[in-house]
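Colleague: Construct the entire structure; sequences and hints are all you get.
With our numbering applied, the sequence shown corresponds to residues 1 to 318, in that order.
Simulated from the structure, these hints should not be mistaken for laboratory data.
A couple of the hints might just be wrong.
Distance condition first, Cα-Cα at most 25 Å in a straight line; then the derived DMTMM-like pairs of lysine to aspartate or glutamate [as the list claims (entries may be wrong)]:
#1 Lys-199 <-> Asp-131
#2 Lys-47 <-> Asp-34
#3 Lys-68 <-> Glu-56
#4 Lys-267 <-> Glu-316
#5 Lys-192 <-> Glu-208
#6 Lys-225 <-> Glu-292
#7 Lys-47 <-> Asp-37
#8 Lys-68 <-> Glu-292
#9 Lys-225 <-> Glu-252
#10 Lys-68 <-> Asp-79
#11 Lys-267 <-> Glu-48
#12 Lys-192 <-> Asp-154
#13 Lys-68 <-> Glu-91
#14 Lys-68 <-> Glu-316
#15 Lys-47 <-> Asp-27
#16 Lys-47 <-> Glu-316
#17 Lys-267 <-> Glu-252
#18 Lys-225 <-> Asp-131
#19 Lys-225 <-> Asp-191
#20 Lys-192 <-> Glu-252
#21 Lys-199 <-> Asp-28
#22 Lys-68 <-> Asp-131
#23 Lys-267 <-> Asp-28
Cβ pair distances, simulated, as ranges [unchecked claim]:
#24 Gly-53 <-> Ala-109: 29 to 37 Å
#25 Pro-95 <-> Gly-177: 35 to 43 Å
#26 Ser-253 <-> Ala-76: 42 to 50 Å
#27 Arg-249 <-> Ser-203: 24 to 32 Å
#28 Ser-253 <-> Lys-47: 15 to 23 Å
#29 Arg-214 <-> Ser-137: 37 to 45 Å
Each residue gets a CB set at the ideal place from its N, CA and C atoms; glycine is no exception.
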Amino acid sequence: MKLPQGAPGAKVLAFGHYQPANVVTNDDLAELIDTNDEWIQSRVGIKERRFAGPEESEIDLAVQAGGKALAASGLAAADIDLVIVATCTLEAQIPNAAGRVAHRLGIDAPGAYDVNAACAGFCYALAAASDAIRAGSARNVLVVGTEKLTQWVDIQDRATSVIFADGAGAAVVVPSGTPGIGPVVWGSAGDKADAIMIKDRNSALNQEGQTVFRWATTALHPIAKLACERAGVDPAELAAFVPHQANLRIIESIARRIGAGNAVVAKDIVLAGNTSAASIPLALSRMIERGEVPSGGLALLLGFGAGLTYASQVIEIP
1 MKLPQGAPGA KVLAFGHYQP ANVVTNDDLA ELIDTNDEWI QSRVGIKERR
51 FAGPEESEID LAVQAGGKAL AASGLAAADI DLVIVATCTL EAQIPNAAGR
101 VAHRLGIDAP GAYDVNAACA GFCYALAAAS DAIRAGSARN VLVVGTEKLT
151 QWVDIQDRAT SVIFADGAGA AVVVPSGTPG IGPVVWGSAG DKADAIMIKD
201 RNSALNQEGQ TVFRWATTAL HPIAKLACER AGVDPAELAA FVPHQANLRI
251 IESIARRIGA GNAVVAKDIV LAGNTSAASI PLALSRMIER GEVPSGGLAL
301 LLGFGAGLTY ASQVIEIP
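Modeller: Shown next, in the form of structure tokens:
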């Protein structure tokens, strides 16, 4: 990959993930609302998802995933000097998630802040971590995407309750002599912000599915291609394509258009549902764990969601 001339590099050293224990199948949901397994799979591709219990918070999920990423990296908590948490589902906005996650992981006095770019949040946070390292503002960074979407979803609304789920994924980002995180391509479509929203603290998440589907399947593949171009990577070189796990039809549509015929395409949505900012690191961490992608191979990440926000970058798989 390439970066601006003379720029130092950053790379992902390790991933980690966590899902709540409670598996909720389509048949389980059919006992609560007017839906069925065939209807759900044909529209969004999901077979099952995980729901956190009332005693589990998005902070708990983040601590589990962050701890696994830290352990896999071989670094100590004392080596981390910046923690960034991507989330859009905090039950309370103050205090932030990052400071609490850092404290529970034994990371002493790091920079700590949250990013809310919804489903693109992990890609935004990963770009911020890479830039902080390359600018000399941080040494080693823990990036976490964590969501407890079920606390913002009306279980009786089958347009959302069959889609959204809970989970967390994390990455440890460190300096590198060669670039392991390519330039980010990011942006937003604020004119469509109402397509996914929570109106106020007493409301549930609402999504205009057709609006989001049309936008995602027409506007985003050029963004993914541009991320490859800026990284100096031909899509045919990619070992993996890891988009936000929003909808299986969206994933398959974008994958066809980017020309990454040799890439393994993440389809974690089938068993994990849509976990917003957690979905990309969760999916890639599970792919690495299962041995589906090669260490040192290149993965194209593409996040998109509420805002409407989007971000894409190429990374080297740890």
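Colleague: All hints are to be evaluated individually against the structure, with a verdict given for each.
Modeller: Against the structure, the hints come out as follows:
Taken as a hint, the Lys-199 and Asp-131 pair is broken in the structure, with Cα atoms around 33 Å apart against an allowance of 25 Å. Straight-line distance between C-alpha atoms of Lys-47 and Asp-34 comes to about 16 Å, which keeps the hinted pair within the 25 Å bound. At most 25 Å may separate the alpha-carbon atoms for a hinted pair to count; Lys-68 and Glu-56 meet this at roughly 17 Å. The suggested pairing of Lys-267 with Glu-316 holds, with an alpha-carbon distance near 19 Å, which does not exceed 25 Å.
Annotation: proposed proximity of Lys-192 to Glu-208 holds, straight-line Cα distance about 10 Å (limit 25 Å). For a cut-off of 25 Å, the pair hint linking Lys-225 to Glu-292 stands: about 23 Å separates their Cα positions. Distance restraint check for Lys-47 and Asp-37: the Cα-Cα separation of roughly 7 Å lies within the 25 Å cut-off, and the hinted pair is therefore satisfied. A distance of roughly 19 Å separates the Cα atoms of Lys-68 and Glu-292; the hinted pair therefore holds under the 25 Å criterion.
The straight-line distance between the Cα atoms of Lys-225 and Glu-252 is roughly 15 Å, inside the 25 Å bound, and the hint therefore holds. A distance of roughly 15 Å separates the Cα atoms of Lys-68 and Asp-79; the hinted pair therefore holds under the 25 Å criterion. With a C-alpha separation of about 13 Å, the suggested pairing of Lys-267 with Glu-48 holds against the 25 Å cut-off. Pair hint Lys-192 plus Asp-154 holds up; C-alpha atoms about 22 Å apart against a cutoff of 25 Å.
Between Lys-68 and Glu-91 the CA atoms are separated by roughly 24 Å; this keeps the pair inside 25 Å, and the hint holds. For the proposed pair Lys-68 and Glu-316, the alpha carbon gap of about 19 Å is at most 25 Å, so the pair holds. For the given pair, Lys-47 sits about 9 Å from Asp-27 by alpha-carbon distance, which is consistent with the 25 Å threshold. A hinted pair counts as satisfied when its Cα atoms are at most 25 Å apart, and Lys-47 with Glu-316 does not qualify at roughly 30 Å.
With a C-alpha separation of about 9 Å, the suggested pairing of Lys-267 with Glu-252 holds against the 25 Å cut-off. Taking the CA atoms of Lys-225 and Asp-131, the gap is near 21 Å; set against the 25 Å cutoff, the hint holds. A threshold of 25 Å between alpha carbons decides the hint, and for Lys-225 with Asp-191 the separation of about 23 Å falls inside it, so the pair holds. Distance restraint check for Lys-192 and Glu-252: the Cα-Cα separation of roughly 23 Å lies within the 25 Å cut-off, and the hinted pair is therefore satisfied.
About 28 Å separates the Cα atoms of Lys-199 and Asp-28, which puts this hinted pair outside 25 Å; it is violated. The hinted pair formed by Lys-68 and Asp-131 meets the criterion: a straight-line CA distance of about 24 Å does not exceed 25 Å. The hinted pair formed by Lys-267 and Asp-28 meets the criterion: a straight-line CA distance of about 21 Å does not exceed 25 Å. Separated by about 32 Å at the C-beta atoms, Gly-53 and Ala-109 satisfy the suggested range of 29 to 37 Å.
Against the hinted window of 35 to 43 Å, the Cβ-Cβ separation of Pro-95 and Gly-177 comes to about 37 Å, which satisfies the hint. As the Cβ distance of Ser-253 to Ala-76 is approximately 43 Å, the hint placing it in 42 to 50 Å holds. For the pair Arg-249 and Ser-203, the beta carbons lie near 27 Å from each other, so the given range of 24 to 32 Å is met. Restraint check, Ser-253 to Lys-47: a C-beta distance of roughly 20 Å satisfies the suggested window 15 to 23 Å.
Checked against the given bound of 37 to 45 Å, the beta carbons of Arg-214 and Ser-137, roughly 39 Å apart, stay inside it.
Going down the numbered hints, you'll see the structure goes against 1, 16 and 21, while the others check out.
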